[in-house]
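*Asks:* Now for the letters of each chain:
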Amino acid sequence: MKNLELSDKLLIEKYLLNQLTAKEQSVFQQKLKKEHTFAEAFKLQLDIQQTMKYIETQEIRQYLEELYAKETTKEPTDKQTENPQENKSDTAKHNIRNLSPLLKYAAAIVLLIGVSLLYFFSGETSKTTDQLIAEHFSIPELNFTIRGENGNTDEAIKAYKNGEFEKVVQLTKQSQDNPQLHLALGISQLQIGQTDQAIQTFEILQSNDQYDDQATWYLAICYLKRKDKENAKTQLRMLSDGTVKSTVGWKDKANQLLKQL
Amino acid sequence: MQTDIKLISMLRQNCKKEEKTALQQIYSQNLPNIRIYILNNSGTAEDVKEVFHDGIIALVSNIRENELEITLNLKAYLFKICKNKWLDRLRKNKLKYNLSLDDTFNQPSNDQLVSTKLVLEEGQQLLYDLLSNTKGDCQKIFRLFFVLNKRLTEIAEIMGHDNEKVVRNRKYVCLKKVRKMVEQNPVYKRDLKEYLTILTKV
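Residue numbers (the numbering used here), protein chains in the order written: chain A, 1 to 261; chain B, 1 to 202.
Calculated directly from the structure, the hints in this document are not laboratory data. Keep in mind that a hint or two might mislead.
What the hints assert, rightly or not - Looking from chain B toward chain A, a few residues come up when the C-beta cut is under 7 Å (computed):
hint	residue
1	53
2	57
3	77
4	131
5	156
6	158
7	160
8	169
9	196
Said to hold, decoys possible - Straight line, CA to CA, 27 Å or less: simulated DSS-like cross-link-like pairs of lysine-lysine:
hint	chain 1	residue 1	chain 2	residue 2
10	B	176	A	53
11	A	33	B	92
12	A	233	B	201
13	A	259	B	177
In this text the structure is predicted, and so the values were computed from the model without any measurement. Virtual Cβ for every residue (Gly too), placed ideally from N, Cα, C.
Bound-form chain A, shown alone (with noise of 0.2 Å):
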């Protein structure tokens, strides 16, 4: 199926969260009925929708069900057994009072022995950013198979090849359609520090289902580069998971940057 466009995404989700204008409802019903792609993908979102509610409401009613059957089957509390348990907490309270002052002192000491070792270690034996990206990332080599679209594309081919990372940016727009070129395109933004633009690139890149895996994992990386752990640990979840099916072991890799994290 087609990729939709920006404005028809966001008009099927204006319209699943009730936000349509009356001018936007009239497009909204024109592209309906006219445009299949469209169509298509307003109904599985339509059905995805009624599912979940239908799973959430089945969820609360059971839950429901069991309110009803501890409301309708209520015992009476038993005064007599809250007494015995009030007294031993007053004489747990009542012990702690009489701690020596100096046994106090001494458990903030190993508090604060322990607090210390734990930082010291900790920062040994975690990696930076930096250096998983180095024992993860290296540039990947290429085999094109697109040749003599233009004059501009075989230029950015030879660029990567070479390792002329600037020229292929120069070259390559992030509009084009060969997702080939748009990896080199999204490698080659890392790679000289366009980090941001590197991020747009790969998010592109991720709506195809040749690419998808490549690009999630190369997502991690530029994340990786803005010292952005969270958002790396979240585009590698979707290769560990299955979110993203992945060939040539980027689950692997990302399982193992993952445990790193």
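Starting from the known structure of chain A, fit chain B onto it as the hints suggest.
*Replies:* Just chain B, lined up with the frame of chain A:
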């Protein structure tokens, strides 16, 4: 005990524990009044349970979908929903009852109707198993968007993403995964075909 504002907030969060705590309080605070009303108006204990549970589900649905005012009095609102549901039932069953329809009886307005389906289509039943077992970020994004009606900007904030663009991208990766699993299924294909046919006829 939580205030109404807090209860509404708890029902809008992506946290089952908070949801259950809120439901528990709503349940125990409101069951006695609803029970008295229905039993005094030709109802049975079974009617009380069914109407009360339907009422709570409608309440939760409205809280999540309609962004109800935070000045709402939950007790009065829930009572109104349950009362109308009960009177609606009586009307439909055409029972003789010793009850005069008082001036405060309203036809159920749109914001009191349950918007969830009672029965899934065949194609949706296929999604049922799939979505019940979805885990991780896809499950989170789907629940936040499709059930809790959060905008993508809110979801980005909740999940710690840079912006809504990232969330939109993630959502479409998750949707792609679901689509791949259902698009070849003959039942789903048939439902989709029927839907597309109806659209062109309207």
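*Asks:* Restraint: residue 156(B) near chain A, CB-CB cut 7 Å. Satisfied or not?
*Replies:* violated (11 Å)
*Asks:* Would you settle whether the hint for residue 57(B) is holds or violated, based on the nearest Cβ-Cβ distance to chain A being less than 7 Å?
*Replies:* Hint holds; residue 57(B) Cβ to chain A Cβ min 6 Å, cut 7 Å.
*Asks:* Tell me if the interface restraint on residue 160(B) is satisfied: Cβ within less than 7 Å of some Cβ in chain A.
*Replies:* This interface hint holds because 6 Å falls under the 7 Å limit.
*Asks:* Residue 169(B) was flagged as interface toward chain A. Is the shortest Cβ-Cβ separation under 7 Å?
*Replies:* holds (5 Å)
*Asks:* Given the hint that residue 233(A) pairs with residue 201(B), test it: the Cα-Cα distance must not exceed 27 Å.
*Replies:* violated (48 Å)
*Asks:* Hinted pair, alpha-carbon criterion (27 Å max): residue 176(B), residue 53(A). Please report holds or violated.
*Replies:* holds (20 Å)
*Asks:* For the hint on residue 158(B), does the least C-beta distance to chain A fall short of 7 Å?
*Replies:* Residue 158(B) check fails; min Cβ-Cβ to chain A is 13 Å, beyond 7 Å.
*Asks:* Hint check: is the beta carbon of residue 196(B) less than 7 Å from a beta carbon of chain A?
*Replies:* holds (6 Å)
*Asks:* The hint names residue 77(B) as touching chain A; please verify it with the least Cβ-Cβ distance against 7 Å.
*Replies:* violated (17 Å)
*Asks:* Would the hint on residue 131(B) be counted as holding, given a Cβ-Cβ threshold of 7 Å to chain A?
*Replies:* holds (6 Å)
*Asks:* Starting from residue 259(A), check that the Cα of residue 177(B) is at most 27 Å away, please.
*Replies:* holds (25 Å)
*Asks:* For the pair supplied as a hint, residue 33(A) and residue 92(B), confirm whether the alpha-carbon distance does not exceed 27 Å.
*Replies:* violated (37 Å)
Violated hints, in rising order: 3, 5, 6, 11 and 12; the structure is consistent with all others.
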